[in-house]
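Trainee: In terms of UniProt numbering, the sequence shown is residues 1 to 595.
Derived by calculation from the structure, the hints in this document are not laboratory data. Given the structure is predicted, the values throughout are model-derived calculations rather than measurements. You may find that some hints are simply not true.
[Claimed, not checked] In the SDA-like style, the derived pairs of lysine to any residue whose C-alpha atoms are separated by at most 25 Å in a straight line are:
| hint | residue 1 | residue 2 |
| --- | --- | --- |
| 1 | K98 | G43 |
| 2 | K548 | Q501 |
| 3 | K574 | H487 |
| 4 | K260 | A310 |
| 5 | K317 | L359 |
| 6 | K145 | S135 |
| 7 | K312 | V65 |
| 8 | K528 | P565 |
| 9 | K291 | E222 |
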Amino acid sequence: MKASTDKTALQLRDYQQDSVNAAIKHFRSSQQSAVLALPTGAGKSIVIAELARIANGNVLVLTHVKELVAQNAEKVGLLTQAANIYSAGLNQKKANGKTVVASVQSAARALDKFDQPFSLVIIDECHRVSNEKTSQYQQILQHLKKQNPAIKILGLTATPYRLGLGWIYHHHYHGKIGNTDTAVFDKCIFELPMRPLIKQGFLTAPKLFDGLSAQYDFSQLEPTEAGEFNQQEVESILNHQGRATTAIVKQIVQLANTRKGVIIFAATVRHAQEIIGLLNKLIDNTATPTKAALITAATPHHERDTIIDAFKAQQIKYIVNVAVLTTGFDAPHVDLIAILRPTASVSLFQQMVGRGLRLAQGKTDCLVIDYAANGFDLYFPEVGQAKPNSKSVPVQVHCPMCQFANTFWGHVDNDGDIIEHFGRRCQGLVSDKTNNEIQCDFRFRSKACPDCGAENDIAARVCQSCHSTLIDPDKRLKQVLQSQHHHLFKCQKMLFTQDNQSLVIQYIDIEGNDFKQYFKFDTSPQKKAFYAAFVLNHTRTPGMPHPKYDNVKQVLADQRRFRQPHLLILKKQKHHWKLVDLFFDYQGKYKTDFS
Numbered sequence: 001m002k003a004s005t006d007k008t009a010l011q012l013r014d015y016q017q018d019s020v021n022a023a024i025k026h027f028r029s030s031q032q033s034a035v036l037a038l039p040t041g042a043g044k045s046i047v048i049a050e051l052a053r054i055a056n057g058n059v060l061v062l063t064h065v066k067e068l069v070a071q072n073a074e075k076v077g078l079l080t081q082a083a084n085i086y087s088a089g090l091n092q093k094k095a096n097g098k099t100v101v102a103s104v105q106s107a108a109r110a111l112d113k114f115d116q117p118f119s120l121v122i123i124d125e126c127h128r129v130s131n132e133k134t135s136q137y138q139q140i141l142q143h144l145k146k147q148n149p150a151i152k153i154l155g156l157t158a159t160p161y162r163l164g165l166g167w168i169y170h171h172h173y174h175g176k177i178g179n180t181d182t183a184v185f186d187k188c189i190f191e192l193p194m195r196p197l198i199k200q201g202f203l204t205a206p207k208l209f210d211g212l213s214a215q216y217d218f219s220q221l222e223p224t225e226a227g228e229f230n231q232q233e234v235e236s237i238l239n240h241q242g243r244a245t246t247a248i249v250k251q252i253v254q255l256a257n258t259r260k261g262v263i264i265f266a267a268t269v270r271h272a273q274e275i276i277g278l279l280n281k282l283i284d285n286t287a288t289p290t291k292a293a294l295i296t297a298a299t300p301h302h303e304r305d306t307i308i309d310a311f312k313a314q315q316i317k318y319i320v321n322v323a324v325l326t327t328g329f330d331a332p333h334v335d336l337i338a339i340l341r342p343t344a345s346v347s348l349f350q351q352m353v354g355r356g357l358r359l360a361q362g363k364t365d366c367l368v369i370d371y372a373a374n375g376f377d378l379y380f381p382e383v384g385q386a387k388p389n390s391k392s393v394p395v396q397v398h399c400p401m402c403q404f405a406n407t408f409w410g411h412v413d414n415d416g417d418i419i420e421h422f423g424r425r426c427q428g429l430v431s432d433k434t435n436n437e438i439q440c441d442f443r444f445r446s447k448a449c450p451d452c453g454a455e456n457d458i459a460a461r462v463c464q465s466c467h468s469t470l471i472d473p474d475k476r477l478k479q480v481l482q483s484q485h486h487h488l489f490k491c492q493k494m495l496f497t498q499d500n501q502s503l504v505i506q507y508i509d510i511e512g513n514d515f516k517q518y519f520k521f522d523t524s525p526q527k528k529a530f531y532a533a534f535v536l537n538h539t540r541t542p543g544m545p546h547p548k549y550d551n552v553k554q555v556l557a558d559q560r561r562f563r564q565p566h567l568l569i570l571k572k573q574k575h576h577w578k579l580v581d582l583f584f585d586y587q588g589k590y591k592t593d594f595s
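Model the full structure from these sequences, guided by the hints.
Mentor: Written out as structure tokens, the structure reads:
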């Protein structure tokens, strides 16, 4: 690509140039939309400016807040000719030119103004893009494609994952599948983790701690399918933990004595108001200017701008906010982040922490206190599904078929060894007979189609092979309850014991009744039968190799590897009950009795 100007005073960092090269390489051979994933503070605006500089055609840069519009336009001006801006919030509305930086809200309301063909559209903070056809982003993209059907689409984000949607891309250049159903972009073509940038001195080193003096207990909260928490349930917990808030705010003020800028992330508006009230009592807020301020979604724009400008000028020391300052906010002097809200998203956690990782003169580290016990390591990779429980951490599980190293949620012991994972299907990409890349077929957990025997996802309702309707577990359980000689056994406990030379698996239900399985290990067929009838179904680590069990003692010593079923279907025989089926991942109505 030829440059539009020789103005290149600003030197790109190596990884920034690598990301630009990845975009050039991709678009030379593909029309697929693409994503560059760079951590907060990595300088995405410089990458955007360089792409605008080298592009042969016109470039449109879209983002969602006026602060990023101004920031991106400024960086474009450092590398090439000044960009035109289309943003009502900045009182500038020029929609034509070599490079145009626009607010998505302003552009969507004036599509007719964008009448020149663009060769490239760059979307900053692209994890915000919805695939709903009526969304503002999609309306703009459809309009741009009418002007130029061959337009290239590139997104940049620190977090290529969206709660409720999953990965925003279909596949990844590392050879893994992303989102096969609702992806907004086709391919992630470059990704840089946070750790190397910290090690190389491009980001401030974080010091991450759990709550030091007090901590909220949100462990009983269950996230929705979108990964969010019910605000009323959060409020209820906070109302019963008022003393914790007081102790937490007192400690934040103490820690802030040696800090320059403090951002506090509150769980709800009421929670934020309580925090700002405590701050006002604990610090000298009578002087001019004030030392603490509150920003919520309801804060008027002009008031928000005044607060942010004063904070950046270090005239305000504390900003309390509710889901406002996670993206599009840049205050390099921030060196204390206090997280007082729960989140089920690694990405959102990293966005909050990222507010304090930019470099500033005299800044040696950023103190990060997680008072909500979210349990995320700052360097955790995003897994692609909501965190199943507070104890879960990302674990690496190799596929036995294609050897791809999957990252799933799981549990580890004190030595870091995997004792359980919740992966369902391998995420690796493999080549089919025509050399097209497809997702690996191996399923770590599955249910078989009764018609064709094909393996399907445990939540599937239609067979992916023969398209037969799979049996609804609730419907089947209802039939069992209506059948004679069948019993639905609701398992509350599973025990391992030894009886002479036999292994006894004892299941106990909520009423204290039990059902037992017996296994012997005297012969090779008996050992194989134990593996087929018990290990394959009960393992917590499907797809991973299990030790060879030659006797009962070896199984007893390894019993933590096996998971307890939720339900058993038993059928009455002449002198005993026979096990017909087990349900491990059951979430239907017959599980409610366990509460």
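Trainee: With reference to the structure, classify each hint as holding or not holding.
Mentor: Structure-based check of all given hints:
1. Taking the CA atoms of K98 and G43, the gap is about 22 Å. The hint holds against a cut of 25 Å.
2. For a cut-off of 25 Å, the pair hint linking K548 to Q501 stands: about 17 Å separates their Cα positions.
3. Of the pairs offered as hints, the one joining K574 and H487 holds, with about 15 Å between alpha carbons and a cut-off of 25 Å not exceeded.
4. For the suggested pair K260 and A310, the alpha carbons sit about 13 Å apart, so the restraint of at most 25 Å is met.
5. Between K317 and L359 the alpha-carbon distance is near 18 Å, which keeps this suggested pair within the 25 Å criterion.
6. Note on K145 and S135: the hinted pairing holds, with a Cα-Cα distance of about 16 Å set against a maximum of 25 Å.
7. Between K312 and V65, the direct Cα distance comes to roughly 17 Å. Compliance with the 25 Å bound is thereby established for this hinted pair.
8. Between K528 and P565 the CA atoms are separated by roughly 21 Å; this keeps the pair inside 25 Å, and the hint holds.
9. Among the hinted pairs, K291 with E222 is inconsistent with the structure: their alpha-carbon atoms are about 36 Å apart, more than 25 Å.
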